[in-house]
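2 protein chains.
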Amino acid sequence: MLQLENEIAQKPKHCIGLFGYGTVGKAVYDVIQKTPGLQACIQKIGIKDTGKKRNIQDDIFTTDAFEILNNSCINIIVELIDDADVAYKIVKAALLQGKAVVTANKKMIAAHFNELCQLQKQTGTPLLYEGACCASIPIIRNLEEYYDTDLLLKIRGIINGSTNFILSRMEKEGLEFTEALLQAQQLGFAENNPALDIDGHDAANKLSILLAHAFGCVIKPETILYSGISKINGEDLRCASQRKQKIKLIAHAQKLKNGKLATYVLPQFITKEDELAGVHDEFNGLITESHYADRHFFKGKGAGALPTAAAVLSDIAALRYGYKYEYKKIDAQKNIKLSNDYYLKVYVSADVFSKINCQAFEYIEEYQNQYGYGAVTGVIHAEKLLEDTWWKQSGVSLIACPEAITQEADYKKISRRSLELAGIT
Amino acid sequence: MLQLENEIAQKPKHCIGLFGYGTVGKAVYDVIQKTPGLQACIQKIGIKDTGKKRNIQDDIFTTDAFEILNNSCINIIVELIDDADVAYKIVKAALLQGKAVVTANKKMIAAHFNELCQLQKQTGTPLLYEGACCASIPIIRNLEEYYDTDLLLKIRGIINGSTNFILSRMEKEGLEFTEALLQAQQLGFAENNPALDIDGHDAANKLSILLAHAFGCVIKPETILYSGISKINGEDLRCASQRKQKIKLIAHAQKLKNGKLATYVLPQFITKEDELAGVHDEFNGLITESHYADRHFFKGKGAGALPTAAAVLSDIAALRYGYKYEYKKIDAQKNIKLSNDYYLKVYVSADVFSKINCQAFEYIEEYQNQYGYGAVTGVIHAEKLLEDTWWKQSGVSLIACPEAITQEADYKKISRRSLELAGIT
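Line by line, the protein sequences give chains A and B.
Residues in the first sequence are numbered from 1 upward in steps of one, following this note's numbering.
Residues in the second sequence are numbered from 1001 upward in steps of one, following this note's numbering.
Chain A with its partners taken away, still in its complex shape (with noise of 0.2 Å):
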């Protein structure tokens, strides 16, 4: 009987059926392994292909999904692959067996936010998801459980690892952007297709996750206004450098006096006083600023497996709490809504000068048209940057300026003087 008891005793508490043995499965296995303190074992192993050479026993692997979801040992769900609508699919079918879920996966989860939160209320099966966002650093835990949403006025940071790691290898050592991703991808911080990355579109899909847990606002990452840094050029890092400043791919999100939520993830000039300019390589940084509590930083790894993995390691270990994200501010604040009606002040270069529409400006402060290439400094309804797509033509970059957004409407006040004594209308 004793026996008996001990046996159940140091039975393992964590079953994992682990989706994916990629650069961060792989991970997630060592560090279990080297863990005993969290009592979780991996059962099986989920792979797409059992041809290639892998460096533990063969019979923990299976390429039949339902050999693990259907496995009534296994009781936890860790999954790590990258096809986001094969992913769904393994997420939604282990909620739906009580089989609690631990993903890294962002754009699995921006893509489908709300079936996700409406399978864990109608199983009562917790979903983590901590590793998503900024990998190791533990910001989503504290965006939903310490932050009052009606206290919290702006979040703002670097959210892609890899666009950083770029951006300052650029800077750094004068590589050329398409060096720098080479270099990124050598060490493992760019996803498989790095244009997720380098467009901006995984930061707008871990913002969304972020406006839900931090403001209770739940958004297709589609409709963020968004870019990235393929067209970030060394003049671009001269100017910054002229100024003192350090430009970053920055994703923003802060309430406006109407109480909507204004978002943009766009490169941004940095200054030197901000801490996210200290945020170099594949590190994040997250601000948050509130009443009462002030500024936050948070720092630590973004991308790389290692970092991820323990993200996901201290989700596992959530789950022996029973810890489950609980959407209150999703509850509480039905009707938090994006709004595109602010103005950004941008600085836009191009090759061409005839390539930026002076027109979409409300005020130019300043431009320089030499020998063909041209910038200009100046404010710009964001609306207007929606819809518009001639700043996304090649040649052309957009970059924010440090003080970025203005919900006043002052801009138009002022006559379209500048431009016309600029000679540009």
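It should be emphasised that the hints constitute simulated quantities derived from the structure, not laboratory data.
Computed from a predicted model, the values in this text were never measured in an experiment.
There's no promise every hint is true.
[Unchecked claim] To give a feel for the contact side, a few chain A residues facing chain B, derived at Cβ under 10 Å: (1) A27; (2) K34; (3) Y147; (4) G234; (5) E275; (6) T288; (7) G304; (8) A310; (9) S314; (10) A317; (11) Y321.
[To be verified] Computed beta-carbon distance windows for the label pairs: (12) A:E289 / B:Q1057: 31 to 37 Å; (13) B:K1257 / A:R54: 32 to 38 Å; (14) A:D331 / B:T1062: 32 to 38 Å; (15) A:N114 / B:T1178: 57 to 63 Å; (16) B:N1193 / A:G322: 38 to 44 Å; (17) B:T1063 / A:E383: 57 to 63 Å; (18) A:G98 / B:N1193: 54 to 60 Å; (19) B:S1339 / A:L153: 42 to 48 Å; (20) B:N1193 / A:N114: 49 to 55 Å; (21) A:G98 / B:R1243: 29 to 35 Å; (22) A:L182 / B:G1188: 52 to 58 Å; (23) A:G174 / B:R1243: 57 to 63 Å; (24) A:R238 / B:T1178: 46 to 52 Å; (25) A:D331 / B:K1089: 37 to 43 Å.
Using N, Cα and C, we set each Cβ at its ideal position, and we do this for glycine too.
Given chain A, work out where chain B should sit, using these hints.
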């Protein structure tokens, strides 16, 4: 019937008895009035002296603690008084009555940690104290929930806002220590008894609380090697400036190779690359280092009534969903112990060279002895600092070097030749 249901629905879920109406107590009162989403109301406020003029209705105040503790309507006690002994009695009585408690009293918690854990276990009633460490930064909950003890290697940070404010003013404005202290007191950043802050005792209290939540190590704060900043002078700051470094009061804990913990609270030279160098004024900052997750940095306001009130508020909000500290690491890590068997590299300056006990050093790297004024940079065993008092006398200032701790006894192997050469043995 419907009306009754409405009344029940509208009745605040949290009925609070507040002890203390000083700067933090007032701030908590105000913040709760302005946060309707919290569904909390303050029923009674316990004070020492009814004679003072206060800005709210008189009948909310009482000098009879039992009027609050025995009030069955009140389900949460928020304890914010200065006197740690009285605070302990209130908290103990409240927990025994089954009332959840929120406090920010680090001295009381540090002094009675074991008893308070026991009381919570015995009564099943939660005691939360996020505001006790680093004011507004949600550091206790992150240490408690996010980091596996096996994986956490080190925590270090600036955890006392008033000393950081004083050092910042001394550095930036060239103020003398006493002038800077006066400014801190005027702005409400210093404790009523500033000695607790400036002699490092407050930081030692906080570090002892952090050690329990980070490493499961419960110790009395007096056992920590600590000192404060009252002897930091203009000469020390000039020395820091020459090295392109800053002086900060640093709380430090790291695992040694033998699994024990080395800890100290000491003024320390900080390089410009260190995140803590960017923590100014009343801000606090904490860095964690762990396997896999690597480095995390948290920064936020560490002193002031509103930031502390924000943390108290977040604890009240956490009680809504039944949050309590589980002290899992304490149960799991029964044997983790402090060790003073390590070496520290320090810089000691003195108005009279002979006040420096050169014999105490294992190794002296540099020394100055001019016109009586003296300074020594060298390596010393932690035990010697704990046992000796020469470095605590007036006119002597000890500052840890950036790379302070070494676990190796390599220094022992080095002969005392350096001392002999210097002619000071």
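For a quick check of understanding: which of the numbered hints are violated here, in increasing order?
The structure breaks hints 4, 21 and 23; every other hint is satisfied.
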